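Colleague: Given chain A's structure and the hints, the job is docking chain B onto it.
Chain order of the listed sequences is A and B.
Its first residue numbered 165, the first sequence is counted upward by one per residue in my numbering.
Its first residue numbered -11, the second sequence is counted upward by one per residue in my numbering.
To be clear, the hints were calculated from the coordinates, so they are not data collected in a lab.
What you are looking at is a predicted structure, and each value in this text was computed from that prediction instead of being measured.
Only true hints are included.
Computed footprint of chain A on chain B, listed as stretches where at least three residues anywhere in the stretch have a Cβ under 8 Å from a Cβ of chain A:
#	stretch
1	290 to 302
2	379 to 385
3	406 to 419
4	431 to 439
Even for Gly, the Cβ is constructed at its ideal location relative to N, Cα and C.
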Amino acid sequence: MHGMTSYFIRRLLLVPITFICITLLVYTVIRLAPGGPIEQAKLQMQQARASEGGGGAGSADLALPQEAIDQLKRYYKLDKSIPVGYLIWLGLYPDEDKGGFSGIIQGDFGTSYRFSDPVLDTIISKFPISIYFGLIGYLLTWIICIPLGIKKALKHRSLFDTGSSMVVFMGYSVPGFVAALILMMLFATDLVWKIFPLGGFRSENWDDMWAAGEYWWCIKDQVHHTVIPIIGYVMGGFATMTILMKNSLLDNLGADYVRTAFAKGLTERRVIYVHALRNSLIPLCVGIGHAIGLMLAGSFLIEKTCNIPGMGLLGYMSLVGRDYPVLMGIVVIAVSLRLVGNILSDIILAIVDPRVRFS
Amino acid sequence: MDFLFTLLQVAVVLFLGYLLAHKVFPKIVVRVGRLLGFRMRATPITQKRLRRFKQIRRGYWSFVAITTLFATSLFLEMLVNHRALAIYYNGKLAFPAIAEWMDDVVVFLKITPFNKKSDFGQIGESEVDYGLFEKYSEDPSVLRKEVEAKKAELATERSAHEANPPGADAKNFEKRKWEREGRRLDKHDAQVKQMEANLEVFEAGSAWCIMPIYPHSPQSLRHEIQDPPPNHPSTSRGIPAGTDVSGRDLVPLMLYGFRLSILFAIAVAFVGYAIGVVIGGMQGYYGGWVDILSQRFVEIWGSIPFLFVIMILASLIQPTFAMLVVMLIVLRSWLGITYYVRGEFYREKSKDYVQAAVGAGVSDWKIITKHILPNALVPVVTFAPFGIVAYISTLVSLDYLGFGLPPGTPSWGALLRQGLENVKFYPHLLVVPTLAMAATLYCVVMIGEAVREAFDPKVFSRLR
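Excised from the complex, chain A in its bound form (with noise of 0.2 Å):
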């Protein structure tokens, strides 16, 4: 176990320093770029002086004072460095304003710009729509993904194989998001059968009627509002993971320990499902910690497409607004929720796979 344990101190040890990587990255280009709060502000004063109609007003009039502009680089940490605002960022820097140590490491993601809100705080309210997608999603795909490749792999280039080849394939052609806007086409408007909503994670009311009691209705409406981003989600991940499962299946029925079981005369039943089968979901396993990290990923584009209010779409959110905190601790998190899913799908790998030497 010597180069195991070496391995994951290793894979431990190149956290932290991917993390200050890519933070740092994404914090220089937001730092470097245009169109940043003062900016902002800029604009509204302008915008506020015009709506009161103050004709004949010069350009030197429209401007914000230059205190004011002072004040506000000092509030939003501009007139630091992008080394020095970084590290107060990350809070490895003291903060004057809050007096000591203030970031990322103290568990403070700064507040938003549009509402004022501690960034954590609005963050992991989100939480609780993603993971429920992804929960479900996942469930999903392991419950019809699985069965069907085992399927496909008994049946191997028999007409349901190359048949529900053709059908999977097509669901991997087409993005998630594709496939939702459509289904929504086909069945939230009344152009063919208007039976799901266009989009929302549950019906305005839902709170009201919890409380009143209507606990049917409750579940019933928020399946209604689930069925169609649930498919956008697991869409591109089908493909994959049947395939995977076929692929894996049919390795390890070609196997000599498959053909000794058959010679020690077992039933075909056992030899398949107790045998083949176990060994054969070992790369399904490595995937349970990768979707950990890419349960961000694809959720963008199905909640801005279903409009579910999710951390998928507080990022865009935050993007289109130039909500810079918001944006920084979306990045925090998704970096985060990936480096930790890696390094879990090793160790699952390694707890379910004795065979596997990492170095």
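Modeller: This is chain B only, laid out in the frame that chain A set:
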């Protein structure tokens, strides 16, 4: 009859595209390769793989379809354009569509396809309305009717104008207004004279033009359709796929979007893979510290949430086509392939034949290019189709979110966004780009499956 003729034209063009993609282009590649000193002869293994690829019919036909369409689409400006291929008027000859094609294809050349109206039998200084020109040249009586209508209108206006001149006691501004009206009518008289002169040219038959097969551009608006856009598809009105919210025809949008997407994906995939092969090869061949350090770098770089970073960059600066290609190459496309090439180089390097070559004093460069690289290219070839699918999807996603190519570019994603906004009343804005994209991607996936099976066949032996 007209429809059949168009169909024939399309068939001929596609056949030429097929010839270009499958007969001419491979020959050019072989010639260039020989000039560069490669043998350019397939090894028996490669020949076997190619034969196997051809036997997988679904994949092979998808390959033929996609390459033919792409080769044809390189000449789209001459096939689907609102500008005429050739236009002749009274001794003046111009080739605006071909000029536009040259302008787009030959990068350093600047040719303007602009022809002004007054040079080609129309009134004004803006660009010729080629559709109208075609109508006139086919049937000059259309112009004659217009001239006569305008003449009659002018005559009534003139008589009304002369019937009530301002009296002697009229105010100054009234007199000026009357004079101005007179000058306006004079100007129109001159225009009518010009039109009559033009009419003579058209009637004499010394004006003709050849229009492309589908005479509309992705940028040109379909003004002649009276209803406010978007318009539903309707073959009888000449919009087989409808128009978008600003009145652009969806057929050219889809076709130009196809070319753009494929070009984008090919550029990202191939440049990225080239870089990935070089880096992965160096890691695997030299090993040691080079390998350890660069491998850590690859791991860190691969953890970047690339779509997010591209979106941030794109929200700050409006990216062009080339910028998006570079961003995607730098952030993503070179990464994945390095793992495989590195592994391949490691494996091949330890084999006896390479060690023998090293022992015989063959140079590193020669060992890499002659011995190891051909083997290491197998994962590149099998990955390329799936990479192309991924990068087309990425471009569509970015355009859909509004962080992609500049507005006005013919792209599928931008149209999907319109589809989302009009999902209730104009479903064709959603259906048309989805069909185009799904068909393209499905073909590429089929190619990928076939290539994978041809290059890496697994013979699954099963008991029972």
